[in-house]
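Engineer: In order, the protein sequence lines correspond to chains R and F. Note that the numbering used here has the first sequence beginning at 745, numbered continuously upward. Note that the numbering used here has the second sequence beginning at 579, numbered continuously upward.
Hint data in this document are derived by calculation from the structure and do not stem from the laboratory. It cannot be assumed that every hint is accurate.
[Stated by the list, open to error] Listed below are the simulated BS3-like cross-link pairs for lysine-lysine, each with C-alpha atoms no more than 27 angstroms apart in a straight line:
| no. | chain 1 | residue 1 | chain 2 | residue 2 |
| --- | --- | --- | --- | --- |
| 1 | R | Lys889 | F | Lys592 |
| 2 | F | Lys592 | R | Lys933 |
| 3 | R | Lys822 | F | Lys1140 |
| 4 | F | Lys592 | R | Lys1043 |
| 5 | R | Lys1043 | F | Lys596 |
| 6 | F | Lys592 | R | Lys887 |
| 7 | F | Lys931 | F | Lys1140 |
[Stated by the list, open to error] Ranges between beta-carbon positions, derived for each pair:
| no. | chain 1 | residue 1 | chain 2 | residue 2 | range |
| --- | --- | --- | --- | --- | --- |
| 8 | F | Arg692 | R | Lys839 | 50 to 58 angstroms |
| 9 | R | Leu836 | F | Val588 | 38 to 46 angstroms |
| 10 | F | Gly611 | R | Gln846 | 26 to 34 angstroms |
| 11 | F | Phe694 | R | Leu836 | 55 to 63 angstroms |
| 12 | R | Leu836 | F | Leu675 | 46 to 54 angstroms |
| 13 | R | Tyr793 | F | Lys761 | 15 to 23 angstroms |
| 14 | R | Gln846 | F | Ile607 | 32 to 40 angstroms |
| 15 | R | Phe815 | F | Val588 | 22 to 30 angstroms |
| 16 | R | Lys839 | F | Asp690 | 51 to 59 angstroms |
| 17 | F | Ile607 | R | Val762 | 30 to 38 angstroms |
| 18 | F | Phe694 | R | Ile943 | 55 to 63 angstroms |
| 19 | F | Ile607 | R | Tyr840 | 36 to 44 angstroms |
[Claimed, not checked] Partial pick of chain F residues on the chain R-facing surface, computed with a CB cut under 7 angstroms:
| no. | residue |
| --- | --- |
| 20 | Ser586 |
| 21 | Ile621 |
| 22 | Ala624 |
| 23 | Tyr627 |
As the structure is a computational prediction, the values presented were derived from the model and not from experiment. Note that beta-carbon positions come from the ideal geometry of N, C-alpha and C, so glycine has one too.
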Amino acid sequence: MFQPRSIQSNLSFKDKIVSMDFVLIFSILAIGIISMFAMYSTDGGEFKYHTRSHIIRFIIFFILFLILSFFQIRFWHKTSTLIYLSCFILLLGVKYFGLTSQGSQRWLNFYFMNLQPSELMKIALILFLSKYYHRISTQDVNKIKFLFLPILALVAPVLLVVAQPDLGTSILIALGGIVVAWLAGVSVKFFSYASILFISLMPIAISFLKPYQKARILTFLNPDRDPLGAGYQIIQSKIAIGSGGLFGKGFLNGSQSYLDYLPEKHTDFIFTLFSEEFGFFGSLLILMLYSLIIHRIVKIGHETRSTFGKLYCFSFATAFFFYVAVNMGMVLGLLPIVGAPLPILSYGGSSMMAIMIGLGIAMSCKIYKDTPVN
Amino acid sequence: MINFGSGSTVIKSKLISKRMFLLTSAKAIVFLGIFGRLVSLQINEATKYKTLSDKNRFREWKLAPERGVIRDFFNKEIASNKKVYQLHITPENSPNLERLFIRLKSLLNLSDKRIFYLKRKMAKQKPWEPIVVSDNLTWSEFSRINLFLHELQGVEPIVSVARIYPDQSTAHLVGYVSEASAKDLQRKSYIRDMSVAGISVGKTGLEQKLDKEIIGKVGFQRYEVNAYGKRVRQIQVDTGQAGKNYKTTIDLEVQRFAAEILGDKAASACVMDIYNGDVISMVSSPSFNPNAFVHGIEKKYWQELINNEKKPLNNKSISGLYPPGSTIKTIVALSALENDVWNPKKYLICTGKTELYGEKFHCWKKKGHGTLNMRTAIQRSCDVYFYEVARLLGVDRLSETAKKFGLGSKLFEGFIEERSGVVPNTKWKRKFIGKNWYLGETLHSGIGQGYFQSTPMQLCLMTAQIANGGFKLKPRIISDGNNNKLKEYIDYKNANPNDPLPLDLLVANFDLKPLFRNQENINFVKDAMYASTNEVGGTSYASRFTNQKFMFAGKTGSSQIKKFTELQRELEVKQEQLDYKDRDHALFVAFAPYKDPKYAISVVVEHGGSGSKAAAPIAKKIIKKVLERDSLRETMKNKIGENV
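From just these sequences and the hints, can you work out the full model?
Structural biologist: Here you go:
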């Protein structure tokens, strides 16, 4: 049923290369290349700062992704607690030493880059919980005493991120954690309890929200409430996407973004820009590439023998899905604007780094799919 | 802790996969939802969003069109456009408006009030919409602005066009333009559609009458703008359409000459072509400077105009109302003859006054005229004679004839300032005054006093219609090619003096409308007017021409403002001894040349004293001028004929 450990350790470098998932690599590259063109367009068709640094980041993190792929799955299992704790400490660091920009304190200055630890926490939490549920038997999962640690591990960073304030990222972190618990077999009833608790706490939570966050939620419910203020982003984004039509306005011809009607076009609204310039078929291409990536990661999960690998891949794939769905839902006016980048496509080093690390770990699950974790 | 291959791992693995399957299905549904949203936005509603996107992208700036030019009969411009230097500010382009205004204040002499007004206006509009700081800079101001332009961000010096009126003599006729007021926008729907800031609209005169056509079509510049409203590039320009040009029937030369002669008297002079109704001159004095209105009139000048007792803004030719005085005697005589109530040979003795039901009616000549027939009564303008004619005629028959000859109704279309005057009759009095008519009032009406009110242009038309043999004229100011049917008819009649057709059939062939029953009566009146000017004893004998070429026939009139008291009559108070406001209006109507009439003229001098002393000499000079230019006008007419 499983290979002896010795065989696994003896994988030659060639074997490792061959066992990589090339469809996944191809999809990542494709998205990466598309992202460069999109970034070039946001710079108004000139090779400027955003394009340059985005390309450099993509190259660096793509290489990082390849390198991480060759790390033993056992390494990830072993260090996951450490990784989680480091990210948590970094998040605490943000609270005390973080850089503030546009009213929220999210970044740490590392000279060569401004790191956003909340992005890394997205992966770290999944990794940590995967390891945690790897150890616990199915029977124990639903015992109350085994629920404390996961809840603590999830709630603590989420609260830190909410306080930054960064509603979007905190939701995505939480979703990642919840998915692991769900996959590990935590009973539906706990999720119902949690939802009931969450909903009953909502009014209190809302009172802690910043005014602009409240406005965003109200605006989502009715974008025309304040068309030049908070509703502006949703309306302009919908106009941009809708006016793209079937084939789009053409590369570098997106008037909505070119003329600055689109807010945050480098980051959260990059899909809008692409959609405006390349139309329905362009949007479909992106959607399909992301589906392919998700599908390939899920496939790796199925192939991986270890529970840790399975939990990680399935959770990461689902989290990846959430990143895509939340961002697209947001720019298409289906969800409130919460501030969530689109994986790889959006400008932003930390997000790119986190995604690439996540993908690297998934790829290592593929290479070492038959290796037992401990 | 965990053993590979143990049952628990398998169970766990199965559980994970099962739950993953649920998640995958959910994911598929969500992606399908996103797909559906893309279909709806980019396929189903693409057109709607494309429109919205274009609405975002493009913004239009309207361009005020150039107004059409108004010319006189000889193609001289009487209202045209000139280059002006303007200063616009686009608020969003200026980093510091406060400082900009302080700087401009020193450069341009802007008042604090004006700056306050501009700031308030700025607050009301979008920051990318330019406002006009000054629409008529002098060249030195304009060059000063250009010199300091680098310090004045947000300021745009612009060369534009504005209305200019080269001559003041046409001020009343042409009127003036000024910035559209809220009232204009309400009244004139075509301006509302234009909605160009600061567009000038016609306020009075021809400018007002022709406004809709002369204003032109608004152009626009379509720019692509970014989200902040800044122009990125120009997409389309439509320069619009300059307004229609108009050629009038006015002879600027005559107009100027007449204005010069009238000087600063409160007076009016009208000249009309008696065959086609062309208004050759329509002068009102004193005049004003219409250019002062184009860029907003200064309060001081406005006050000066408003407070002037001679009412310079009033177009006296069509909105000044004067009792026609003795000039109406032509119509009274005509009406009496046409209605067979009087025989022109009938003699009457004027003793200086007559009496009716105990009320005394005086002739202007205290001693009386002695024995007169109708011709001499017109020649010497005897009041007593006409009291008797009017008494027999009755006011209703008189008013009918007067109305037929153009009194009591507006002559032109579209002049808001034109007034219709009054031709009284029994019905009119009952309706407007609510009282019955007294016979005494008929006597007053018979000498053009009492309720009678007419404009100088109406008197001119009346004379023209007598002069042309009694045919209806439609007076016109805008030259619209040929309308010389009357001339054709007369030429035909001269060529075929023995045409067997009766007159009414004959004129029907030429589409003419005769105003008489018997043309002999018209000729009688013309002859009497000839006598009035050219025979000894006539009221305008002193102003006659002996040269056949200029010889004219006229009728004087003096209309009383205030009834003379018995005491004044006893003392034989002269007009010059009265207060200006109490003096009679002086009137004179005439046609010329007598032998082959071509033009009719009316001159009214407010408080001028008597028609023979104040009005006739003016008419004489104008008639000479008009006749001197007659051949030129004929040449021009033929040229137009060729074009048509």
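Engineer: Tell me, which hint numbers fail for this structure?
Structural biologist: Checked against the structure, the hints that fail are numbers 3, 13, while the rest are satisfied.
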